[in-house]
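J.: Quick mapping for you: the protein sequence lines, in order, are chains A and B.
All residue numbers for the first sequence refer to this note's numbering, where the first residue is 1 and numbers rise by one.
All residue numbers for the second sequence refer to this note's numbering, where the first residue is 1 and numbers rise by one.
Simulated from the structure, these hints should not be mistaken for lab results.
Hints are supplied without guarantee of correctness; some may be wrong.
Stated by the list, open to error - With a cut-off of at most 27 Å between alpha-carbon atoms, the simulated BS3-like pairs for lysine-lysine come out as follows:
| # | chain 1 | residue 1 | chain 2 | residue 2 |
| --- | --- | --- | --- | --- |
| 1 | B | Lys116 | B | Lys341 |
| 2 | B | Lys51 | B | Lys116 |
| 3 | A | Lys156 | B | Lys34 |
| 4 | B | Lys178 | B | Lys463 |
| 5 | B | Lys142 | B | Lys535 |
| 6 | B | Lys463 | B | Lys550 |
| 7 | B | Lys377 | B | Lys4 |
| 8 | A | Lys156 | B | Lys51 |
| 9 | A | Lys99 | B | Lys34 |
| 10 | A | Lys16 | B | Lys51 |
| 11 | A | Lys16 | B | Lys34 |
| 12 | B | Lys34 | B | Lys4 |
| 13 | B | Lys358 | B | Lys377 |
| 14 | B | Lys627 | B | Lys175 |
| 15 | A | Lys140 | A | Lys5 |
Only a predicted model underlies this, so the values are computations on that prediction, with no experimental measurement involved.
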Amino acid sequence: MERIKENYFIYADPTKCLGCKSCELACAVAHADSDLLTAVAQGVRLQPRNSVVQSNNLIMPIQCRQCEDAPCALACPTGAIYQEEGMVKINEKSCVGCKVCVMVCPFGAITVTADEAENGSSRTKKGKARKCDLCYSRMKDNKELSCACVEACPTKAIMLVDIESYRKKLLEARAKEAVQAYKHI
Amino acid sequence: MSNKRSVDPCVDQLVPIANKEGIETVWDRYEAMKPQCGFGQLGVCCRICWKGPCRIDPFGNGPQRGVCGADAHTIVARNLIRMIAAGAAAHSEHGRHVALTLLAAGEGHAPAYRIKDEQKLRSIAEKLNLEPAGKDLKQLAKEVALASLEDFSRQERTTPCSWAKETMTTERVDKLCKLRVMPHNIDAVVTEIMGRTHVGCDADAVNVMLGGLKGALADYTGMYLSTELSDVIFGTPEPVVTAANLGVLKENAVNIAVHGHNPLLSEIVCDVALKMNEEAKKAGAEDGINIVGICCTGNEVMMRRGIPLASNYLSQELAIITGAVDAMVVDVQCIMPSISKISECFHTEVITTLNENKITGATHIEFHEDTALDSAKKIVELAIDAFKRRDNSRVNIPSYKQTAITGFSAEAIISALSKLDANDPLKPLIDNIVNGNIQGIALFAGCNNPQTTQDNSFITIAKELAKNNVLILATGCGAGAFAKNGLMTQEATVAYAGDSLKAVLTAIGEAAGLNGPMPLVLHMGSCVDNTRAVKVAVAVADKLGVDLDKLPLVASAPEAMAEKAVAIGTWAVALGLPTHIGVVPQVLGSSVVAEFLTEKAKDLVGGYFIVETDPKKAAEKLIAVIKQRREGLGI
Ligand code: SF4
Ligand code: SF4
Ligand code: SF4
Ligand code: SF4
């Protein structure tokens with residue numbers, strides 16, 4: 001059987017995050033088919049898929065954790081959210097803006113905001129669900145993810161985590177500690 | 001919010017009303033701003049040139065130098081001294097305005113203004129070596145104004161500003177001249193800071209900081225002359241009993257709030273309003289016109305006229321939310337642009353008065369010295385008109401107000417002391433410091449900042465110091481905090497002063513005919529008036545024959561926020577005072593700058609900054625410093 005790779009996700013280190021929101025800006029621009037200055041000049045509404053949140057003294061960017069058994073994908077009545085290629089993807093075209101995903105996401109990682117580019121009618125306010133798609137649309141030719149937020153963070157507080165290599169590093173670190181402890185027995 | 005907004009009960013009463021009506025206040029905007037950018041907080045974001053913005057990663061993973069190669073130390077130092085330049089500019093523009101008005105009064109072009117304190121004019125003329133004897137008042141006013149204006153225009157770089165040189169101890173003047181931080185020309189020093197911090201100029205953080213000290217001393221110069229010349233025109237404050245907090249608004253009066261910093265405008269508005277009382281009554285306001293103050297314009301008219309203070313900086317918006325302010329007349333500095341937006345929800349007229357300071361949505365009435373009376377009249381008419389539109393169902397005046405005894409100019413303090421010893425007024429003060437009845441003197445100054453609970457740090461630290469027999473002086477919105485919260489009363493002295501301090505304050509108060517002690521906190525004026533405290537300190541230092549950095553004096557700005565406060569704090573340090581700040585300043589991104597401010601400055605000038613956000617701990621630190629200084633003096 002083919003081995004299935006676990007999902008990638010964005011990990012943030014709250015001890016390094018300075019709350020500058022560069023990651024929010026970069027994410028919004030990455031999803032605006034434009035650069036910052038043009039977008040602002042043309043009055044394009046910039047919509048980040050992540051959000052830098054302060055709670056007491058801790059600051060942390062929050063975005064989709066790319067859950068394996070994703071509640072949003074389960075709840076979405078139109079199938080706009082789905083698992084594919086190790087990512088919880090979203091097809092904004094199929095989204096009807098019912099906000100069920102917003103309600104079930106345990107991290108508050110989804111919002112529903114209006115899409116001005118959309119040709120709406122009087123029936124709709126053009127609301128679409130927005131969530132981190134790991135910048136899937138920016139995926140490089142070599143199929144490598146290139147996350148705008150990670151690239152923009154001046155303190156390297158956020159990174160794209162491949163759970164396998166992450167675990168490997170974690171194991172090494174833990175092993176080191178265990179070895180230390182063993183010395184004292 | 002982790003913090004409570006304020007210890008002021010009016011805030012608890014009015015903010016829910018604002019929330020209910022969907023009116024945003026400073027606290028909402030502060031919440032919405034979170035998280036605030038850490039690079040900015042650390043001071044490591046540079047926008048000085050157009051290759052930027054550049055920011056330095058304080059964790060060392062990302063970039064350590066801006067595009068031009070400036071490191072965190074250079075960037076932080078440049079940002080800081082630009083703040084000092086802005087503070088110095090703000091204060092000295094105010095000073096220049098007053099000096100020019102004095103000149104116009106001397107030349108007879110400013111009918112609304114006259115020389116109210118002749119004695120002070122003569123003593124200033126003497127200080128500035130102008131040989132006043134036998135000269136007529138107008139001539140003298142002109143000479144003093146011109147000599148003061150020379151502090152803005154002198155090109156001889158080695159001659160220090162007169163207002164700086166003649167108001168410090170000689171030892172201090174020598175020390176500051178040797179360090180090359182003594183200003184020769186206020187304008188030139190502000191310009192110099194802008195020049196030396198341009199891309200590709202002064203990059204040595206310590207040298208940049210010395211430029212900052214010079215800028216701060218230029219600020220001192222501008223402030224000093226501003227206060228003294230205002231006293232000449234409007235009178236030197238004397239103790240007066242008045243009231244503070246929003247309860248001073250009156251339901252049955254045309255309420256005019258004067259807000260900002262400049263007495264040149266507010267004084268005339270007060271004069272004119274007094275004369276237009278009948279018109280207000282005709283419009284249906286039984287109690288006529290009620291003028292209240294906000295921020296330091298408020299402090300100015302409170303000190304000189306006993307006009308009550310409605311609020312200090314952070315609660316200025318709430319004045320409008322009471323629904324009872326008919327006009328808010330603003331001049332310069334610390335005016336939240338939001339007031340014009342909030343006034344749209346009420347009948348309130350927000351009136352700007354200076355062409356350099358307009359707010360979108362406000363009514364602008366141009367104010368000039370020569371036509372001051374006409375403009376003031378127009379302003380009061382607008383207020384009366386607005387009163388007619390007031391919706392009484394939306395009036396919510398909180399019932400909180402506190403008595404406040406204010407008006408302790410240096411002259412007023414010396415005069416109170418002279419009741420104890422007419423020949424040598426400073427002697428009782430010095431004796432009590434030497435024998436330990438008064439352990440030391442603390443000057444509280446500065447703003448409010450929503451990053452702390454409004455007024456709380458002021459009150460907490462002051463009570464703690466008073467208990468330990470430290471004499472407390474206050475200016476600016478700090479003074480506002482004490483006034484609103486009842487610490488400028490005789491009762492507060494009884495309740496909070498340590499035994500020996502209580503005894504001294506009672507002796508002075510009784511002798512001065514107050515039928516009881518002096519108030520716990522002495523109100524020395526607006527934030528531009530901090531030099532009043534220096535005047536007392538320098539007199540004590542001269543008498544003892546020691547410099548300021550030996551005396552048990554401390555300063556504290558526990559809720560600072562303005563560029564002006566950065567400038568004031570820095571000159572307090574340059575004069576030799578340990579100076580506490582209770583909000584973390586935007587300098588921590590550079591160890592060199594932080595060390596300069598808290599350590600190296602001590603070696604150079606004797607003063608230094610103490611950063612402590614916890615008011616209890618701050619009080620402990622200030623008391624420890626006072627003890628240390630006493631030991632140094634062997635008392
Ligand atoms: S860019 Fe980095 S430091 Fe800035 S808010 Fe995002 S995660 Fe935090
Ligand atoms: S949006 Fe929320 S629930 Fe959905 S995958 Fe991301 S973290 Fe999980
Ligand atoms: S808002 Fe859109 S994506 Fe979310 S559950 Fe409803 S249809 Fe699906
Ligand atoms: S990975 Fe891309 S989509 Fe996800 S938060 Fe970062 S920038 Fe936004």
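J.: Give a verdict on every hint.
T.: Hint by hint, here is what the structure shows:
For the given pair, Lys116 of chain B sits about 38 Å from Lys341 of chain B by alpha-carbon distance, which is inconsistent with the 27 Å threshold. For the hint pairing Lys51 of chain B with Lys116 of chain B, the CA-to-CA distance comes to about 54 Å; that exceeds 27 Å, so the pair is violated. As the CA atoms of Lys156 of chain A and Lys34 of chain B are separated by approximately 20 Å, the hinted pair is consistent with the 27 Å bound. A C-alpha spacing of about 39 Å is found between Lys178 of chain B and Lys463 of chain B, which places the hinted pair above 27 Å, so the restraint is violated.
For the suggested pair Lys142 of chain B and Lys535 of chain B, the alpha carbons sit about 24 Å apart, so the restraint of at most 27 Å is met. Restraint check for Lys463 of chain B and Lys550 of chain B: the C-alpha separation of about 24 Å stays at or below 27 Å, so the hint holds. As the CA atoms of Lys377 of chain B and Lys4 of chain B are separated by approximately 41 Å, the hinted pair breaks the 27 Å bound. Proximity of Lys156 of chain A to Lys51 of chain B is assessed by CA-CA distance (about 22 Å); at most 27 Å being required, the pair is judged to hold.
Of the pairs offered as hints, the one joining Lys99 of chain A and Lys34 of chain B holds, with about 26 Å between alpha carbons and a cut-off of 27 Å not exceeded. A C-alpha spacing of about 25 Å is found between Lys16 of chain A and Lys51 of chain B, which places the hinted pair at or below 27 Å, so the restraint holds. Pair hint Lys16 of chain A plus Lys34 of chain B holds up; C-alpha atoms about 17 Å apart against a cutoff of 27 Å. Between Lys34 of chain B and Lys4 of chain B the CA atoms are separated by roughly 16 Å; this keeps the pair inside 27 Å, and the hint holds.
Taking the CA atoms of Lys358 of chain B and Lys377 of chain B, the gap is about 19 Å. The hint holds against a cut of 27 Å. A threshold of 27 Å between alpha carbons decides the hint, and for Lys627 of chain B with Lys175 of chain B the separation of about 25 Å falls inside it, so the pair holds. Between Lys140 of chain A and Lys5 of chain A the alpha-carbon distance is near 19 Å, which keeps this suggested pair within the 27 Å criterion.
Hint violations for this structure: numbers 1, 2, 4, 7, all remaining hints satisfied.
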